[in-house]
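> Here is how the chains run, residue by residue.
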Amino acid sequence: MENVMYGWWLPPDVSTHGHQIDFIINFLHWFMLVLFVGWGVFMAIALVKFRARPGHKADPSGVTSHLSTYMEIGVAVIEVILLVGLSIPTWAEQKSEPPAEDEVGLVVRAVGEQFAWNFHYPGPDGRFGRTDVELVDGGNPLGLDSKDPAAADDITTINQFHFPVGEKVLLYLSSKDVIHSFSLPVMRVKQDAIPGMTVPLWFEATETGSFEVGCAQLCGLGHYRMKGYMTIDTAESFAAWMKEQAELASFEDDYY
Amino acid sequence: MEIPHVVEVHPETGLANAKLGLWLFLASEVMLFGALFSSYILLRVAAVEWPAGSTILNVPMATFNTLVLIASSVTVVMSWASLKMNDFAKYKVYMGITIACAFIFLIVKYFEYTAKFDHGLSPASSTFLAIYFTITGLHAIHILGGIVVNGYLLGPGARMWKTDPEQFTGRVEAAGLYWHFVDLVWIFLFPVLYLL
Amino acid sequence: MSDEHHEELSWVRKYVFSTDHKVIGMQYGVTALLFLFFGFCLMMLMRWQLAYPGEPIPLIGSLFSDATAPGGVMLPEFYNQLGAMHGTIMVFLGVVPLAVGAFGNYVMPLQIGAPDMAFPKLNMASYWVYFIGGAVMLASFFVPGGAAQSGWTSYPPLSNLASEGQTWWVVGMIFLIASSLLGSVNFIVTILHLRAPGMSMFRLPIFVWSQLVTSFLLLLAFPALQAAGTLQLMDRVFGSSFFLPSGLVVGGEVLAVSGGGSPLLWQHLFWFLAHPEVYVLILPALGIVAEVIATNTRKPPWGYRSLVYSMIFLGFMSFIVWAHHMYMTGMGTTMSNFFQTTTMIISIPSVVILTAMVISLWGGAIRFTVPMLFALAFLPMFGIGGLTGLPLGLATPDIHLHDTYYVIGHFHYVVAPGTIFALFAGVYHWFPKITGRQMNQTLGKLHFWTSLVFINGVFMPMFWQGMAGVSRRLYDQTFYAHGAAVQDLTIISSVSAWLLGLAQLFFIVNFFRSIFAGPKVEDDNPWQATTLEWATPTPPPHGNFPVTPTVYRGPYEYSQPGVEADFTPQDVADAKMTAGKA
Ligand code: HEA
Ligand code: HEA
Ligand code: CUA
Ligand SMILES: [Cu+2]
Chain A
1 MENVMYGWWL
11 PPDVSTHGHQ
21 IDFIINFLHW
31 FMLVLFVGWG
41 VFMAIALVKF
51 RARPGHKADP
61 SGVTSHLSTY
71 MEIGVAVIEV
81 ILLVGLSIPT
91 WAEQKSEPPA
101 EDEVGLVVRA
111 VGEQFAWNFH
121 YPGPDGRFGR
131 TDVELVDGGN
141 PLGLDSKDPA
151 AADDITTINQ
161 FHFPVGEKVL
171 LYLSSKDVIH
181 SFSLPVMRVK
191 QDAIPGMTVP
201 LWFEATETGS
211 FEVGCAQLCG
221 LGHYRMKGYM
231 TIDTAESFAA
241 WMKEQAELAS
251 FEDDYY
Chain B
257 MEIPHVVEVH
267 PETGLANAKL
277 GLWLFLASEV
287 MLFGALFSSY
297 ILLRVAAVEW
307 PAGSTILNVP
317 MATFNTLVLI
327 ASSVTVVMSW
337 ASLKMNDFAK
347 YKVYMGITIA
357 CAFIFLIVKY
367 FEYTAKFDHG
377 LSPASSTFLA
387 IYFTITGLHA
397 IHILGGIVVN
407 GYLLGPGARM
417 WKTDPEQFTG
427 RVEAAGLYWH
437 FVDLVWIFLF
447 PVLYLL
Chain C
453 MSDEHHEELS
463 WVRKYVFSTD
473 HKVIGMQYGV
483 TALLFLFFGF
493 CLMMLMRWQL
503 AYPGEPIPLI
513 GSLFSDATAP
523 GGVMLPEFYN
533 QLGAMHGTIM
543 VFLGVVPLAV
553 GAFGNYVMPL
563 QIGAPDMAFP
573 KLNMASYWVY
583 FIGGAVMLAS
593 FFVPGGAAQS
603 GWTSYPPLSN
613 LASEGQTWWV
623 VGMIFLIASS
633 LLGSVNFIVT
643 ILHLRAPGMS
653 MFRLPIFVWS
663 QLVTSFLLLL
673 AFPALQAAGT
683 LQLMDRVFGS
693 SFFLPSGLVV
703 GGEVLAVSGG
713 GSPLLWQHLF
723 WFLAHPEVYV
733 LILPALGIVA
743 EVIATNTRKP
753 PWGYRSLVYS
763 MIFLGFMSFI
773 VWAHHMYMTG
783 MGTTMSNFFQ
793 TTTMIISIPS
803 VVILTAMVIS
813 LWGGAIRFTV
823 PMLFALAFLP
833 MFGIGGLTGL
843 PLGLATPDIH
853 LHDTYYVIGH
863 FHYVVAPGTI
873 FALFAGVYHW
883 FPKITGRQMN
893 QTLGKLHFWT
903 SLVFINGVFM
913 PMFWQGMAGV
923 SRRLYDQTFY
933 AHGAAVQDLT
943 IISSVSAWLL
953 GLAQLFFIVN
963 FFRSIFAGPK
973 VEDDNPWQAT
983 TLEWATPTPP
993 PHGNFPVTPT
1003 VYRGPYEYSQ
1013 PGVEADFTPQ
1023 DVADAKMTAG
1033 KA
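Chains as they are written, first to last, in my numbering: chain A, 1 to 256; chain B, 257 to 452; chain C, 453 to 1034.
Hints were generated in silico from the structure; no laboratory data involved.
These numbers come from a predicted model, not from an experiment.
Backbone N, C-alpha and C define an ideal beta-carbon position, used for all residues, glycine too.
Keep in mind that a hint or two might mislead.
Using 25 Å as the maximum straight-line C-alpha spacing, the simulated BS3-like pairs for lysine-lysine come out as follows [to be verified]: (1) A/147 / A/49; (2) A/49 / C/897; (3) B/275 / B/340; (4) B/418 / B/348; (5) C/466 / C/897; (6) C/466 / B/275; (7) C/972 / B/418; (8) B/365 / B/275; (9) B/346 / B/275.
Non-contacting residues of chain C with respect to chain B, defined by C-beta distances greater than 10 Å in every case (computed) [as the list claims (entries may be wrong)]: (10) 507; (11) 676; (12) 863.
Chain C stretches covered by chain B per the calculated footprint, using a threshold of three residues with CB under 8 Å from any CB of chain B [to be verified]: (13) 643-651; (14) 683-692; (15) 716-727.
Put together the whole structure using the sequences plus the hints.
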């Protein structure tokens, strides 16, 4: 999917859960359209039929049928179905019940700051190194503690987010300064990154490709350019990318 | 032009305008302090550590202040009762005591605050102190407001007793209601901030 | 205009520090219209940057300082200031003061047959406190660093870290809140206590009911923002950390604060106010529309009681839906289930109200006057805004739609072609009562049709933008691939906004010309309406009614069987007698 088609309706969906969200959105819009057109037609007829003109008198009794009550009940019923049947279950699954760390293919941290996304991969040992705000500086945006053995193989990137296709990704989201919002339109993922909180989220991609990571919450003058790049790799290319990043990291270590 | 129900009560609500207005104002005040108390609870529940108020704040001083405010609540009722019994001289005495109590409260509060500042404790020191200064400060502003209102009713506003005693009594009653509310807030504040 | 008043009041007491609810209403009205226009101008500037990012603003670009738009190219900081102030001004300085301060103040006491508000001095104070609040907001543009730039929602920690303008914003808000509180106490006491003899609660016009419910919302919801504002002021001025958690790193430096606070606390307090606030924006509008529709269909609105009960229910429910603005803050299933459920529940009374108004048309003898055109257009426009609230109200679709232009489209449909249209209807409807002159109908119709077309041109494209995933508050959406793909929509929207601005000239010219040169109304009741405001002399004198009216009937006795005239005013004892002069 190199040339992504963005257009006038929903963007392409490359996630396993996105179709549930899209279904609600599409269904609701048909429902809204029916209601709107229905009432619009009623209104148009009323305006023509009951326009003031010589010889026409108003009838104060107006509508006497109970049609409107049935319609209101109908709206309520459809809302209940959408709510209980679709929205609540999807939310529970997607937002409230993240899988355990050993059930997923990749665990990664994302940390927002004015105005970039930092990503933190635990490396081959699968453990995140300790971080400390006191250690933060230009070359170490996450404040990773190099004395911690678990940190030795960690990989951090700025605005580069790679993950493998077809595997669950568990992501711990937080922020260093103000509230940002981690937005992956094509993955149907959005979650505020709030300083002082770490929120787990998960998703799984169905296709490879390169897309963008956006920030959806006003976070200052650079809000509009807080953009990252998201690459959904095959398992092989992801492994290759990891290796490359590890080499880069050790090169930098030598350099400093 | 006469505005109805300035003095005589409305048959449906059983209140005159000022009193109904005051009850509504108090409802809004309840929401204000309610929001601040909720913030207190939320911050405290989320906090990693939270000091016991008594280790930082001066409990004896605050206990004294609580008694002062309770006394003033009694005297403000007495001042209204005196008007009802047509005893204007006594009204002046009781209202005077009420205002004096309010001043005592503020003076004690002043010493409490300065003692904190002298120890380098300010709203910037911790969330506990921040909420302490905010809520008690807002409460102190309400006390000040009470002093202004009661002072007016004791001073220039008292002229109305000659022209329109009924409306004047109504005003004193309304001011008294407000004063009870301010006391009540303190009675919540005291245990929550100082003792818990 | 005719009978000069006997009590000699100085000019200042009469027109500046007046205690007459009608003068105060007009003061509110003119100030609020100016603020609306100003808020719109801010937005017309922003729309340039959105349509043609990075290009110098034509014509007036060179007027801006280097701190805002060097070389005429708007800076992102300035864009954010304009956005935050547009939202604040439109909501707190424009629509609420116009809907409540102006129409509520002027019309409500007349409709209940009262001589004035219950507390005239408080009424005056509430206007002047509002005025100070507005002045503080305007002045904030000129402080170092400019006006507030953290959105009208002012989420911390961003707002804690922002420049001085944010402090001015908080101070301004505290004034505006105080003004609303004074006003709402006054409104409730007036409605409960000052009704004319015979005016029972269920004979009140819908507009009065809408003001009553609105006042309760203002009274009970605003204190939450008062509290939040106080806390933010403490944070900004006295260095406390109510909204700052520990361990913040800003610009590479650890922030030297005590920490231990919660950024979400602000959001809860803010939305506890701001959700009821959106019903404050819509209820008076519904009230105006109900009045105009009843008058111009010549029949009673359908389901008076269900309208009243729905409004009361809406008022109650609006206090327990606030967190539907916060689904993406990481809330658990229980919380989100609760708030999605309450949000679906609250949509039902809105559907009932709107349905009642639409079917009120059935059986009427509809007059297409200018106020009626605006009121009629309100219905489908509010319908679009309300219906698009449903996908936002369900937490799951909100994952995709939250903080996109879809939200902007949703609420502008309810407030702009919704509330603003209703307010225009109100201006055209009550103008003859207030000034004794009619507005020009041709200019009015031109204003209506052009506004209707262009306002849809502004906001309809936003739904597609939002669907495509474009975030709101973006200085330049072409930065993103999915934004660049729908940039054409942005241009359509911007051009429509400028044309909408031009269309307002019909209104402005008509408004000012009619004040001085409009045709005089011959009758105190030119629309042949039934409610009490039309039973006063035109314009109403100080004290309103020469004799206190007595009310004999409900508010909308139009076309009653067996009655000759097609309307029976509330103060007419015997309907069989010729009702009104006609
Ligand atoms: C007047 C203002 C107003 C009104 C009335 C509403 C009404 C509603 N709003 Fe809206 N809303 C706002 C103003 C308003 N809103 C604002 C300002 C924001 C954004 C704030 C910000 O973030 O800056 C917002 C945001 C907002 C959100 C948060 C979105 C997000 O940030 O992700 C949500 C979510 O639940 C929501 C839901 C609703 C719902 C369910 C209604 C319901 O009450 C609607 C019920 C109405 C109907 C269901 C219509 C019925 C229609 C018919 C029966 C058809 C008639 C047809 C014809 C006549 C032809 N609104
Ligand atoms: C009541 C509320 C209200 C109203 C009426 C409006 C009206 C309009 N709004 Fe606004 N808007 C908000 C409240 C409102 N808005 C809020 C809360 C936000 C969010 C801010 C934030 O992000 O924090 C927002 C954001 C917002 C954005 C998004 C910016 C962004 O995300 O970056 C845009 C973009 O186009 C926009 C456009 C407009 C336009 C074109 C109008 C037009 O419809 C305006 C039309 C106005 C008129 C037609 C009135 C003109 C007045 C007169 C004619 C009076 C004449 C005067 C005399 C006679 C004296 N608004
Ligand atoms: Cu980060 Cu917007
Ligand atoms: Cu809401």
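> Any of the earlier hints contradicted here, and which numbers?
1, 5, 6, 7, 8, 11
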